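A.B. asks: Sequences and hints are given; from them, build the entire structure.
Sequence order for the protein chains is A and B.
Taken in order, the first sequence gives residues 1 to 231; the numbers are from the working numbering.
Taken in order, the second sequence gives residues 1 to 231; the numbers are from the working numbering.
In short, the hints are calculated from the structure, not lab data.
Small disclaimer: the values here were computed from a predicted structure and weren't measured.
Careful, some of the hints might be misleading.
Where chains are identical, the list cannot tell them apart; a pair therefore holds if satisfied intra-copy or between any two copies.
Said to hold, decoys possible - Cut-off 25 Å, straight-line C-alpha distance, at most; resulting in silico cross-link-like pairs (DMTMM-like, lysine to aspartate or glutamate): (1) 83 - 148; (2) 61 - 31; (3) 83 - 135; (4) 83 - 29; (5) 83 - 110; (6) 61 - 148; (7) 83 - 218; (8) 172 - 221; (9) 45 - 154; (10) 83 - 57; (11) 83 - 198; (12) 83 - 13; (13) 172 - 218; (14) 61 - 104; (15) 83 - 154; (16) 61 - 110; (17) 45 - 10.
2 protein chains.
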Amino acid sequence: MSIAARIRADIEERIASGQWQPGYRIPFEHELVSEYGCARATVGKALTGLVRSGLIERRRKAGTFVAYPHVHSAVLDIPDIGKAIAERTGSYRFELLSSAIRSDDGTNGDFAPATPLRHVTGIHHGADGPFAHEDRLISLTAVPRARDADFTTESPSAWLLQSVPWTQARHKISAIGANLEIAGHLALPRGTPCLLVERWTWRAGAPVTYVSQAFRGDRFDLVATFTPEGR
Amino acid sequence: MSIAARIRADIEERIASGQWQPGYRIPFEHELVSEYGCARATVGKALTGLVRSGLIERRRKAGTFVAYPHVHSAVLDIPDIGKAIAERTGSYRFELLSSAIRSDDGTNGDFAPATPLRHVTGIHHGADGPFAHEDRLISLTAVPRARDADFTTESPSAWLLQSVPWTQARHKISAIGANLEIAGHLALPRGTPCLLVERWTWRAGAPVTYVSQAFRGDRFDLVATFTPEGR
DNA sequence: AATTTTATTATGTCTAGACATATTATCGCG
DNA sequence: CGCGATAATATGTCTAGACATAATAAAATT
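C.D. replies: Structure, rendered in structure tokens:
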């Protein structure tokens with residue numbers, strides 16, 4: 001463990017244990033320097049990491065303080081559906097329902113008008129039946145190769161993950177009742193609660209793909225964790 | 001903008017634009033040093049930030065490479081319910097339904113057996129009616145002051161946020177149909193899809209609170225974003 | 001007393017090195 | 001040709017300073 005990592009761990013320990021309460025002024029950098037017998041840059045590195053994880057705040061002239069807990073943000077693991085289902089139920093298969101090339105009709109306002117799109121729908125199957133319904137649009141401007149990709153052997157999610165680097169994504173998570181289409185494909189009564197995960201993906205500011213995935217509410221949930229470790 | 005920030009932005013730009021594809025070896029540190037005319041530590045700082053955001057990978061002796069996109073994680077903003085409702089509907093009120101002190105009965109396996117708990121249930125109201133139902137347990141071992149806190153004037157969420165630093169949290173997000181209790185309190189038909197957010201919070205490894213919040217599916221959703229910026 | 005100026009202080013960023021460490025390429029040897 | 005030792009190299013971490021900047025406290029001025 002490096003010196004910086006040890007300093008950081010020590011401070012985390014004292015905050016987590018409650019020994020240093022929110023608002024407490026932790027030792028000045030120069031005090032930590034003499035305590036640990038290292039250079040100021042090393043102390044600074046440890047403190048910078050703690051700032052990033054939201055555990056402390058630093059103010060010039062005033063010093064460094066234990067932060068008051070405020071924003072609830074957590075790292076959400078967005079699972080690769082195929083992998084998640086395979087791990088959970090032991091088997092996985094993607095069934096292609098429809099595939100078409102069309103232009104953006106303005107329904108999904110995130111693609112530029114008249115963007116050529118590949119529109120794919122399908123079902124993710126687990127060992128115990130249909131698991132999720134997927135409705136996806138892929139911009140052929142951003143990903144020309146998607147025009148001819150074969151989604152009967154590979155799910156669009158897996159194909160895109162392999163093929164296209166993305167740099168920004170937005171997720172919207174909501175609860176809906178299964179509509180007629182989803183209910184039919186997932187073999188559920190209409191109105192059954194489903195977890196709807198919508199994802200918009202961009203690369204360099206240009207939309208790459210939009211996907212709407214409806215999961216059976218009784219068989220799927222998302223887990224998010226927050227730890228100050230950072231990574 | 002600092003030198004390190006500019007180096008980082010330049011590299012991000014080239015990756016996002018597709019000019020540097022995944023697997024591409026970006027210039028060695030010493031090359032960036034001469035390109036930008038700065039010290040190696042400054043280049044290193046920029047690259048370390050990019051590693052954290054998952055955009056690049058560094059290998060000793062080999063060099064630094066554009067990472068293949070594989071990240072399936074996003075930063076989820078867990079909103080302060082009161083604030084979120086107030087912002088959305090213009091007004092907010094917490095209605096305390098029940099409050100009791102009891103010991104852990106083993107139902108929630110995360111508290112140690114016989115931990116004294118404050119058990120609180122209530123409703124979050126927006127301008128257009130009940131919005132969410134909350135069921136919360138607070139460990140009186142971890143937060144003794146919670147025994148006498150007045151939750152008729154302040155919601156437990158807001159009180160805890162102000163009062164208790166936490167260091168770890170786990171969220172579980174799922175879709176459920178409103179059960180009799182939730183349906184009654186939210187004035188919904190039974191079975192109406194609701195977004196259920198459960199949160200376990202720890203401090204220094206000890207459980208602080210568990211909360212289960214059921215939101216009307218038609219009026220609430222969660223948004224998560226991923227951008228390589230870091231934050 | 002109220003306001004402006006000045007000095008002080010802690011953090012923010014940076015430099016120009018140093019040594020450590022992981023990894024790879026190469027060389028010599030059997 | 002295969003294999004182990006060796007050298008080369010890029011990153012990982014660190015040092016001991018330097019100057020910049022923001023915020024505050026003290027001093028000087030109005």
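A.B. asks: So, for every hint listed, does it hold in this structure?
C.D. replies: Evaluated hints:
1. 83 - 148: Classified as within: same-chain Cα gap 24 Å, cross-chain 47 Å, threshold 25 Å.
2. 61 - 31: Only inside one copy: residue 61 and residue 31 sit 14 Å apart there, 37 Å across copies, limit 25 Å.
3. 83 - 135: within (18 Å within a copy, 33 Å between copies)
4. 83 - 29: neither (46 Å within a copy, 36 Å between copies)
5. 83 - 110: neither (28 Å within a copy, 28 Å between copies)
6. 61 - 148: neither (61 Å within a copy, 38 Å between copies)
7. 83 - 218: Close inside one copy (18 Å), not across copies (30 Å); limit 25 Å.
8. 172 - 221: both (14 Å within a copy, 7 Å between copies)
9. 45 - 154: neither (44 Å within a copy, 39 Å between copies)
10. 83 - 57: For residue 83 and residue 57, only the inter-copy Cα distance (23 Å) is at most 25 Å; the intra-copy one is 39 Å.
11. 83 - 198: both (18 Å within a copy, 24 Å between copies)
12. 83 - 13: For residue 83 and residue 13, neither the intra-copy (35 Å) nor the inter-copy (31 Å) Cα distance is at most 25 Å.
13. 172 - 218: both (19 Å within a copy, 13 Å between copies)
14. 61 - 104: For residue 61 and residue 104, the Cα distance exceeds 25 Å both inside one copy (55 Å) and across copies (47 Å).
15. 83 - 154: Within one copy only: 12 Å inside a chain, 43 Å across chains, cut-off 25 Å.
16. 61 - 110: neither (46 Å within a copy, 43 Å between copies)
17. 45 - 10: Both. Shortest intra-copy (14 Å) and inter-copy (23 Å) distances satisfy the 25 Å Cα cut-off.
Of the hints listed earlier, those the structure fails to meet are numbers 4, 5, 6, 9, 12, 14 and 16, in rising order.
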